[in-house]
Amino acid sequence: MTRRDFSERDIHMALDGELPGEERMAYDSWLETNPEMKARSVRYIADRAALRAAFAGVMDEPVPARLRQALLGEATVKAAAWRSRWWLSAAAAVVLVAGGLAGYVAGIDGVGRGDGADDQLAEQAIAAHVIYAAEKRHAVEVPASDKDHLQTWLSNRVGLKLVAPDLAAEGFQLVGGRLLPAGHGKAAMLLYEDAKGERISLFVTAESADKAKGTYMAEKDGPEAVYWLDKGYGCAVVGSLPRERLAAVAKSAYGQLLAGLAS
Amino acid sequence: MNEKKAAILGEIPRLRRYARSLLRDRDSADDLVQDCLERALVRLDNWQTGESPRRWLFTIMHHLFIDQMRKVNRRGEAQMLPLEAGEAQAAPAEQVESIASREIIDALQAISPDRRAALVMVAIEGFSYAEAANILGVPAGTLMSRIARGREELRSLLDDSARRRSIRVVEK
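Sequence order for the protein chains is A and B. All letters in the first sequence, in the order written, are residues 669 to 931 by the working numbering. All letters in the second sequence, in the order written, are residues 22 to 193 by the working numbering.
Derived from the structure by calculation, the hints contain no laboratory data. Keep in mind that this is a model prediction, so the values were computed, not measured. Hints should not be assumed to be uniformly reliable.
To be verified - Rough simulated footprint, nothing fancy, chain A against chain B, three-plus residues with beta-carbon under 8 Å:
1) 33-46
2) 124-137
3) 161-169
4) 180-189
Even glycine gets a Cβ: it sits at the ideal position worked out from N, Cα and C.
Given only the sequences and the hints, what does the whole structure look like? Please build it.
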């Protein structure tokens, strides 16, 4: 085997993983005998680390709503969201009154607010629902048959004591769940299905500083989210059910989630 | 929502990171990503399911970036901001950057767009030379020389800003 001469060009190739494996040892020993080249290599490695660090934070930023809308074709979001929010505040009030959830005194301040944490939670929940509820075979990561593990795993990841609500009385059976990114944190998604194959999902995150509640629709005729935010957690129930039914399911789910959190 | 859109959705964080390294301003970078997504939607049929959307999307975005740079040049605006001007730009409020990060981001903006794209493609985005050359539409040799010159330019710009910083300290 002939031993080739190395040059500065090889420093870049080595750094970028393009140096053939069999040349690596010869390269390393060449570098050891060339202090100037060695220093250059060390410097480039440090600069690359700084470059990566400088942009690493971008990966953790939530995807801006306008980009998701550009992709999912929700150009009419604003107007639709306003109309549905208007309706939904009334519906949410009914849900809460009917549910008798004493102590929940945030009022109907979700109404008429601009893009806030509530919109973001609802949009994330709807986007997740749209993607995963449509999946037949890969809708969940952990199936309902492994419910104990599902609850423990999601609770640990999300940082909340999560108990999957029993929605059998509303006609829904748990399909399973998955872990998702949400804002700077994580969210648990629980998927349910009724006898006709209609699916709804629960989206729960430990990230919230606001108090708000309401309903939200990202797209006309798209699925709707009923959400609650409180300090330390947020929850949205998403589905394409008739409003009264979605409200009833959401009420039951929310009550059980709250009880689970407190248990 | 179909599988293709779901897969594209998953690439948005990487597209945003790449755009942010090409264009310092956050809104301009997101504008570039949005243009890329819109163009991708129109050409959805060109992309085969099962194939990673990453290379396809990066190629679309790179063409848009190059077009934009050409327009800027035609309008006669300065293509390369001097470092001082870069430093004078206030960082967006929500963006917390360390001094080191700000210096390297400014330096990256000061090198030519071609070199910047080539360097970022391999050093941050982790593409191989072959993939990056393909996305950027240049021969491998050209890609390699852009990377080498880009790294050298970046190093000397960082040395300059470190020197200026030490002068400022001395002046105090």
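Here's how the hints hold up against the structure:
1. Under the rule that three or more residues need a Cβ within less than 8 Å of chain A, the assignment of the region 33-46 of chain B holds, with 7 such residues.
2. Check on the region 124-137 of chain B: 3 of its residues sit with their Cβ under 8 Å from a Cβ of chain A, so the three-residue criterion for coverage holds.
3. Coverage of the region 161-169 of chain B by chain A holds in this model, with 3 residues showing a Cβ closer than 8 Å to a Cβ of that chain against a need of three.
4. Counting residues of the region 180-189 of chain B whose CB lies closer than 8 Å to any CB of chain A gives 0, which falls below the minimum of 3, so the coverage claim is violated.
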